[in-house]
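Asker: Chain residues, written in single-letter form:
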Amino acid sequence: MLLVLPVELVLIEGKSKNMERARRVLEMKGITKQYFGNTVLNNVSIDLYPGEIHALVGENGAGKSTLMNILFGMPVIHSTGGFSGEVLIDGEKVELMSPAEAMQAGIGMVHQEFMLLPGFTITENIKLNREPTTKNALSRLFRSKSLDYLDVPTMRKDARAALDRLDLAIDEWAPVAGLPVGYMQFIEIAREIDKKEVRILVFDEPTAVLTETEADRLLESLRRLAADGIAILFITHRLDEVMAVANRITVLRDGETVARLNRDEAVVERIAELMVGRKVEKVELPPRAKEPSDEDIALTIDNLVVDMPGEMVRGLSLSVRRGEILGIGGLAGHGKLGIANGIMGLYPASGRVSKNGENIPLNSPEEALSRGLAFVSEDRRGVGLLLNEPIDRNIGVTAMQVQHKFLKSWPHFLPALRLEDRAELRAYAEDMIRKLDIRCLGPNQPVRSLSGGNQQKVCIAKALALEPEILFVSEPTRGIDVGAKRLVLDLLVRLNRDHNVTIIMTSSELGELRKVCDRVAIVYRGRLAGILPPDASDAEFGLMMAGRVGKEAV
Amino acid sequence: MRKFVIGLLVVAFLVSAIGVVGTAAPAYKIGIVTGTVSQGEDEYRGAEKMKAKYGDMIKHVIYPDNFMQEQETTIAQITGLAADPDVKAIVVNQAVPGTVAAIRQVREIRPDIIFLLGVPHEDPELVSDTADLSFETDQERRGVTIVQLAKELGAEKFLHYSFPRHMAMPLLAKRADIMKEEAERLGIEFIFATAPDPMGEYGIPGAQQFILEDVPRQVEKYGKNIALFSTNCSMQEPLIISALNTGAIFPEQCCPSPTHGYPAALGLEITDEMKGNIPAILKAINDAIVEKGGAGRFATWPVPTNYLLVEACVEIARDTIEGKMELSDLDAVKARLEAAASVPMELRRLPEKPDGNFYLLTSGSVVFGRDEF
Amino acid sequence: MTDKLKQTVEHIGIPRLMIAGFLAVIFVTAYITGMSVPQLLSDSLVRVGMNGILVLAMVPTISCGVGLNFGLPLGVLCGLVGGLISMERGFVGFPGFFAAIAFAVPLAVVVGYLYSVLLESVKGQEMMVGTYVGFSSVAVMCIFWLMAPFRNPELIWAIGGKGLRSTLTLGNYYGKVLNNFAVFEIFGIKISGGLIGFFLLFCLLVYLFFRTKLGIAMLTAGANPVFAKSAGIDVRRMKSVGIIASTVLAAIGIIVYAQSYGFLQLYMAPLMMAFPAIAAILIGGASLQRATILNVIIGTVLFQTLLTTALPVTSRVIQGDISEVARLIISNGMILYALTRSTGGK
Amino acid sequence: MIQSPEQKKVESGRDVSLDMRHIVRTNGVPILFLALSITMAAVAGLSPAFLMNEVITRFARNSLLVLSLLIPVTAGMGLNFSIVIGAMSAQAAAIAVTLWGIKGVSGFLTACLLATPLAAITGCLAGLVLNRAKGREMITSMILGFFANGIYQLIFLFLVGSVIPFNSKSMLLPQGVGVRNTVDLINIAQSLDKIWRPVISGVRIPVVTVLVSLGMCVVITFLLRTKIGQDLRAVGQDMNIAEVMGIKVDKTRIIAMILSTVIAAWGQLVFLQNIGTLNTYNSHEQVGMFSIAALLVGGASTRRATIFQALIGVILFHTLFVVSPLAGQKLFGVPQIGEYFRVFVAYGIIAVALAIHAWQDRQMRKEAIREAVLTE
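Residue numbers (my numbering), protein chains in the order written: chain A, 3 to 556; chain B, 386 to 758; chain C, 215 to 560; chain D, 1492 to 1867.
Extracted from the complex, chain A is given alone in its bound form (with noise of 0.2 Å):
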């Protein structure tokens, strides 16, 4: 895709000049969090002056959220040990110990999940707890704002003035139930501006759910509020969105500050490059006794469609060679998560997926399943486990319903019936722990309280239990610590090598996948956007991921 970059940036660049002498209206010094020993943030800093748009990237998991929960004063912030370094509005420094107070400082926020009620008006949701009323006899009576009128003329007003200014010319009345995504994005944002005292707004990734001219006219928005004097801070993954309104770029990686650009310094290779670079540590991966090729293919993928709601997959494929790792890469929304969802029947899904020729049915787990494949979810906790059951009733759970195992061999007309063979399934439980290094109790132990690693290893196990020609993994490490994240990773390079599983794994963390993988497949938009071998450099990962190279890299 070709980013035509419109004229009028050139202006603003031009204004960015003059607003290095303009007074900062945030600044954030310094800033350093810990969760429970991990530093999630280090040292980051970051300002703002009216009027500009500041861009804030990086992957995920690389301090984003933090930082913003830290600005906006959010319990989660405060009840795990609170941060070090300052904040500064205005040039004086505030504590914002809640949401209320930071948006009593002035600092609103687009949320990426709508907060409105499909029931109310545009005005309504607008206005919502904000409404202005007028006084009337009861209301006077019992001297409680609570029986005031609404003042609906005044709500229509105010909520009309926010729309314009948004140059939305939709009846302000209408419900807000039914309408576009794109509109509900707009309806977000015209409830900030509609608060006098916001002059900082925040926006999280408010594109991710919108289409195309949607996310265009968003940007027109976003620059319009800019004139206006407001200062936007700009998260997203698209850097040509980035390059198209941003004034700065500021780039986090793993909770720190990796470069501040200007516009002008700035160009989306180099952006990608910061975002996903770091020292691969490329570990020697153990040798096979036959490289995986092109020769023998085990799964191809054509022309797959899921309807996963925010990873949704339009039209992909892809062929997977038998004995490999495959790596599925891409930023979040593209729909590198829908692709295994999809194919083992989690999701809507349509398109073709033969292994080994035969065609796999669609939209029936038990299908995928019993034709020797298997997913170890990225749900972990929603799909992946029954959190109350013992680790060997979650080992053995699907294996039995799909291939019998660990039931016993009566009645043999009716499997339905046949009873548990719980000695079987203890012993094999009892293997998995030893083998995978589950640290726990004992296979009677309920998976609640195991950690998350531990918790990722039990899903594993579930997953071979099945012992699967094909596995998915989606998110293998998401959430669970340094050391846990190593042991799981290891575990699948030991799964492929002596198992011959041929492994597809998804995930954010593109250095996972390099470390791991044979080969790295990039989903951009839903699509195929191309195959990278491991070893490629930051930059040509950084440009795929952000669209910017056509197809057949590899």
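Think of the hints as simulated: they come from the structure by calculation, not from any bench.
Just so you know, even glycine gets a beta-carbon here, dropped at the ideal spot from N, CA and C.
Be aware that a few hints might be false.
Covered stretches of chain C (in silico footprint by chain B; criterion: 3 or more residues with CB under 8 Å from a CB of chain B, positions within the stretch not fixed) [to be verified]:
1. 253 to 263
2. 380 to 386
3. 479 to 486
Place chains B, C and D on chain A using the hints.
Answerer: Quick look at chains B, C and D alone, frame taken from chain A:
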């Protein structure tokens, strides 16, 4: 707009309802209000009998099974009868709560309708002031007669089962007090036991199960010569069964009638020729009791009270409307009652309201295995 | 070890400790006032046996994720019809009892299936809809009892000669067959091996069922529907099976109940049948998401013992009968407690 | 919901131009029951004057109770079965007024005054309980009603006369403890109805009582247009969003319960003054059941209910109640079958209405998903 359309439909419906309706009539009608058979077969069948006898002259409607909660429906059923201009008299048996309210409402538009009640549940004095005529078994007298009968059957103790809701009914509470006095006078130990309320949330089964469990306990404690009595209809079957099994004495049901409790408790076979044939039913009960070894320990009235009350009320209503009698004429009332019962009856007025038409009735008893059938 | 101890305490829970304490007070009082404690215990055991299977009927619906089965009267009605057909056909004794079950179960399967189809279409409102479906089906069956073509002269009304009586005596048919089977005495406590054994047999059957492939699939579907889906389990079907199982158990439960009780109760009697069963399983420590056989046994024992002993004992001690009202408050208080406690359920 | 001229224009332009299919789809429940009522009225063959009289009396008697359900629905708490608590408060007040012998309208007003704080306190407690059972409000409020019934019995059967002083022998049981099962409310009987009750072509209209109900509609409309009303609606739509937006969700829900309970208490007093006698231990038991049935028949759902639906619901439900026993009797030829038929209809109504709504919700959600997929 949408509201308008619905509103229009409602109006259209009410208008159409007016068009649909239209009734032709005989000279006058009598309304009868009873419960369903599951509440008590006697009064329902009494109404059926009257319906069979007088045909269209009788309008029979039902109050709800859970009449305690659905007063409004009872009221609507009664006022519904009164809405028919041909209805000149309404018989309510049993007169469950809500009847007084209904009568008051009807009086405002139809002061001409006479109300005849059987077994009123509400305050007797209140009922006496409202209804034109009421029948109730003479609870105070029965307080004496039942205990005397028990003594006659060999009782040394007298066990009285009830529960808060019934003891909140003044007549029943008073009767219990009288029973106690009479028992003490006769040298019988009076025992008051609490049972679960069958109208409570565990319902009739819970109450019945309690009786089945409690009677053996009591008999073990007090011996076989104990007379059992309960204020609640649904407890009669388990009481009779337990009395038969333990050898206790059962002098009378709450609502005295051969068909109340006995047929179900004894698993009586009702052949075609027995249907509605009281003497035949009495004989069959007698045979069953004797066979099970209960001779001389079980008794009841020879007539199904509620059954005959419906008949008596209808006849009294007819004769009153046709000017053949006065409701305040105790002898005339008694004559019609005895005609319906075909056994002698004793009748008196409620002592608290000597000038009202609240009549209290008593009948002699028949003892199974002793009397001739 | 401390974990185990903590778990045990958690398992017992405050409400159960309270009720157990209350029961202890009652038994001590009974002893002091000279009541026969073994007799009270015997009565309580009978109650446990007769109510147990109805309580057990709650387990499948809770396990498959539908929640408490407020539609229990549906199964009860099936059981009553089965019991009636057996009587109409003149079966006596154990054959009568088993014939009743044999007639009732297929009916319950059909009714349970239809009920599950209905509940599937009202997801999220299962308990409310269940309550009212139960209520209205009782009324429909009232009409059925009046019109049904039963001819057995022992079943019909005395004066009218048609329609079924509201209370049918089972004495000549299969009344007390279980209760009188294998009766023995320990320490003066009369125990009916037949009745208690039958209840425990069903506990065992249900326990084993939840150890089969199907049962585990159902548990999984109830515990985490998304997990179940990802494990290739048809969640809808599991709910169906759970509701059918519950309905069948209710049908068998009412037959056991009736034979012990000695009567079949028709008309409005089944209306409130669900409530004591629900109270019992909640008192036993079950939540809206999870119920075990142990919950059933503990709950039934505590609740039924409370019902059986509280009234006769307290009415000895205090004049009047506050115990009847106290029972109302305690049992509803327990359900309320459970509803306000269990978290996470949506 | 507040409507602006534009909104109406949009509606009339789009889908209300007598599009019968749309009307049937969105009002399936009331139309079903309207059809049922007409059929049954035709079968029952009641006199129109009687039917009108009966329906108007019942409308006057019950509409306030049904209206009391609206606010909790608006606040997203579903159908409030615990209005029986309000009814109990009202009965306590009615008993007190009878005891003190305050007659006529002043007696009625005294009872209202007395019932209000009682209902407010109990309603607040109910709100606290329901806040701990979010998502299960309906079944919880139902059990709460049963529970409160136990407390009520404890007070009036055992404490009155023993712990609570009570000096009227005629209202107490013979043994001096506990209130009798029927209390004659002669002092306040029909006090409101009697003020002005003209007869128009055979139909007696208790004008003042009807006006009270309509007045309550105005009050509710007023409330919903105030700041607190807006909060209630916001909480009703999505508790989490409301919380994030700084609305005190728990407090708002408690206010909803207090309002509902207080209105229910007044409603029960209107009901009792019309009936004229009080069934001490049972009058309140079915209040929640029947009011809810009426509201559902009017087309309300557990998530959305309007004043109009409440009023239409009262009329339809009670028409059905008046005609169904007779219709059943005529249809089956046996009076008691008619009665069971009526019970079936009463309970069945709620089951069917809940089922239809749940089904409609699912259909709507499915459509929303389909649309979302299409726009992609």
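Asker: Give a verdict on every hint.
Answerer: Hints and how they fare:
no. : hint       : result
1   : 253 to 263 : holds (count 4)
2   : 380 to 386 : holds (count 6)
3   : 479 to 486 : holds (count 7)
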